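These are the residues of each chain, in order.
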Amino acid sequence: MTQIPSSQASQSVSVRRPFPLSHGTTTLGFIFQGGVIAAADTRASAGGLVACPAVHKITPIHSHLVVTSSGSGADCMLWERILIREIRLYQLRHKRRLSIRGTAKLLSFMLHPFKGTDVCVALTLCGWDKDDSVENLEETLGTTDDCSPSVSKDVLSKTNLQCCSGPKLIYVCSDGARLQGDIFSVGSGSPYAYGVLDGSLRWSLSKEEAISLAREAVFRATHRDAYSGNNVDLFHVTAEGWKQRQREDLKEEYYRDMEKKGKKIDLKMQKLPK
Amino acid sequence: MALQDLCNFQNILLEGETAEQSPVRFGKKAASSYERGLRSSSLLDFYIPVAEYLDESPIQFGQISPDQSSSSSDSSLPPGLPLASSQPVPLPFPMAHGTTTLAFVFQGGVLAAADTRSSCSGLVACPASQKILPIHSHLVGTTSGTSADCALWKRILSRELRLYQLRNGHRLSTSGAAKLLSHMLHPFKGTELCVAATLCGWDDRSSSRGAANGQETDLEAMPSGKVSLIKSSFLKQQPCVRKEASLSGPSLVYVCSDGSRLQGTLFSVGSGSPYAYSILDQGVQWGLSVDEATSIAREAVYRATYRDAYSGNCVDVYHVTSKGWTRRTREDLKEEYYRERERQKEEAEKKKLIHVLKT
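If you read the sequences in order, they're chains Z and R.
Quick note, in our numbering, the first sequence goes up one by one and the last residue is 274.
Quick note, in our numbering, the second sequence goes up one by one and the last residue is 359.
These aren't lab readings, by the way, just hints derived from the structure by calculation.
Since the model is a prediction, treat every value here as computed from it, not as a measurement.
Even glycine gets a Cβ: it sits at the ideal position worked out from N, Cα and C.
Hints should not be assumed to be uniformly reliable.
Claimed, not checked - Residues on chain Z that point at chain R, a partial pick, calculated with CB under 10 Å:
(1) Y192
(2) G199
(3) A217
So that you can see chain R by itself, here it is in the shape it has in the complex (with noise of 0.2 Å):
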């Protein structure tokens, strides 16, 4: 099997660069030559579009240029990018994910935020969607990209980590299924798949497991490790309560569709991700209490929905903790808006006194 496999292999190589002949049409010609060969071979035979923008950073995934979003017909992408030079005002950056969710590790669990807002080439598409979907009693995903690739890819994790439970007889970790997810979506890698998502998650590993998976506890939480020590001396600093207990707790990971997978204690992803970035700096810390870390949460997504065009319409907060995740009621965040006007307007009537009192 494996040599057929090398042949097959080494016949790709010599049909030459054309990728007209090849049975799967490419649209980049650097395409490394271990994709093609699994592509030609496996039952993924059909025209997978290799987008350009490969050849640049790839923390640039999902993000097409001025001149490929004229061409692509495809609308289910996020907002497609403005143009800087169509635009009045500069963008500090272009636009990726047209959306805001946060999720932040504390004291009480993790709490993951995110605004209800779909957008789709500058129109809302739905004002009330569900960004953070629940996978199990005890993890739950934010999404963030293309909102169908997202729906789909959260249904696939609960099926395989169901599959695993029942294989296994206990839960995968957070870490354990983010890396599974990751792995699924590589062969992905390089298409229009677009999928960013921060999985949160509270891992029980003291009670559940048995002696004789004791081996593969210190497997996954090799990996994890090594990941930790990657990551900025900023997370190094965490108390020593963190570090012990990294295998059971709260955790939380990012993983995108361009292969990224980071732990930490912080994330927030979207376009409106800089503005609930800096309220979140401000304020989260590990000592925070529910409620405490639920207003930080909901205050970051508000400033985000008020200064980004692309998230919006109401916020939805969701808490993990040992006991499984909790929804707090969708929050409609006109209302927040509609007090901050007429605190505002009371601003401006004395402002306005003062300036009488002057001249």
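This is chain Z alone, in the form it adopts within the complex (with noise of 0.2 Å):
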């Protein structure tokens, strides 16, 4: 993951890039009827290098929430250590975990400050919400900082009802964006990810179509951007929380549609240099 190419940055790189990268990175989230899927590929760039192929980025946040990172890679992996103490504070104080809305919240407000520097931090919260029961709807009312004082409390239990329970992905982002919706996909791979995704995404997939859909979309954003590849990595988040598929190859899965598209690899002439 490489830094953010602000117009002063990109004239101090030594390595011309082909074009300035806002993030060497494929990582996607979507919602389907199932839950909240995240994948991501595994590769760390820096200037044309591939600084580390193996790296982890998506990292749970607590067992109902996984954050996937695009950007800096320091930056990220600092604001995530921050994002887990600020959430796990707020559960010993309040006995409740606070929203994934919340939590978006919060780390975009912790990242303001930061704004106009050179913090690259693009992450996709995505998380299941639990159910909020009507014992605790009274104290939700009083300590969450998504009611407005003014807005009667009929009003309020019915709007946190829906909005604080089920699947939720959530895009937050060092320049202050803050957006909820139903697909994401950040990096320099994200178009490639997007066409894939974008054709084939239902509400109603299976857990199994699901999962092969992101890993075709990581797949394919992997073989064609430069900045993105490796392994892939799969998170599964559903109202019992997160499971995390094993990592996986993506070179495996490159031979196998080559196989499929009927043109042989000549392992002998990919030793040629060329």
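With the hints as a guide, bring the two chains together.
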């Protein structure tokens, strides 16, 4: 993951990029009937060099929230740790977990003082909000930061129930953007992933179909984008929490894809210097 | 003659590095001396705005740096690149050539598809422009970059190919046409000329070549053979049919005004190209039928227009076979978009139903 290309920064880089990079990665997240899928590649690039081929771009925050990161690797790691700490403190103080929307808001406000600096963080929070039971409603109305005090309690309870349960996907970026949605893909490989996802994403996908769609999207992006590659990580978040799928090397997928298309891979040729 | 040119050449060198004194003004200090000599003694006696971005990677042709875009008043270039800092969501890469065009080779010939939106600095200048231009009966070119430049160079190319055909009694191959176009564009390298075309054609060597032209066949075949050696190992995995029949059959070459000339089996050019690439990579194989290939091409352009702001409106699909090119009726993607919206609405209904049942 590379630094943000502010116009000043790009001129100080000694290796010329073909285009200024925003985030050299491919991460994606989408919501479907079975929860939230978060997928990402594992390549960390630094100005045309692969700094690390096996990076974790998806980090669990708590049992029902994972965050995919993009942008500067160091910044993302730091802010994830800070977020984990803050969420845990909130949980200890208020005896309940902060909603995903609240988490996103908290993160956005924490990043705000650094707007305009070189901090480059683009996170997608993928999680599942636990249903608020009626007994806790009075507590939550008093304490949650999503409510404004002027709105009546009935309306508040309805909106709280609707917005605070089920799968959630929120994109937070160090520019200040905070967007809730059903599908996000971030990084230099994101257009390639979008092309695959837009065509096939349906609410009614089964779990296996959704996983294979996410894998396919990351694979296509790593195939075309130079700054994405190596392996694919996949997390699936449901009401029971997150589950991580085993990291998979996309090299095998590439060979399978070539064979499917009837193209033989000549291993001898690959060793020839070009 | 040659000696005079050489003397001229030397004089230009001796005159010194000040650009203002020479008859042709340059925007860039480090212009090669050959070009300088060429320009001063040739008929090209006008201002050639050699842009500063030449200092950067040649892959970055046609892309204006943010500080330059504000100073250039010429709006003929495709949409001004949005500054990353002014975007609420950072772009994965700056926009280049506001369009989506694609072409690929399969067993039924070559398929070329493109959207029809011409954009200009964020305004849709024309929602029904033609980005795939026929050059002759068996050659079609997709255009990307500056529409004016593309239209002009396509006409020039058609004229040159026709002249070749009349003089030599046979059509020039696609790779020959690509080479011709590339060499014609070369003097303008470094200027603001922006043309990125893929030439899609069907070469017919077996019948029209006489014994006398056997030599030329080899000469023309060699350069394209060289190009194919340089291309990646991915392309080396073509089935045997393709390798032996590289002189005849479907052919696809990408030519661009910064000098690249690449032969391949799948190309997509423009700001919408990444969106199209992922769809094409999934579906394109040699053994597709014509209908399957058409539907993949349509889907790829549709996906690109869905996500890319600078692509849209309608889709054109051209199919080149041994009998020539055929054009599918222009299809408005609005219909496809509404069909998808309907489907999403139905899904949202189902989703609400399930949600209500759960709670």
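Against the structure, the hints come out as follows:
1. Y192: holds, 4 Å
2. G199: holds, 6 Å
3. A217: holds, 7 Å
Going down the numbered hints, you'll see the structure goes against none, and every one checks out.
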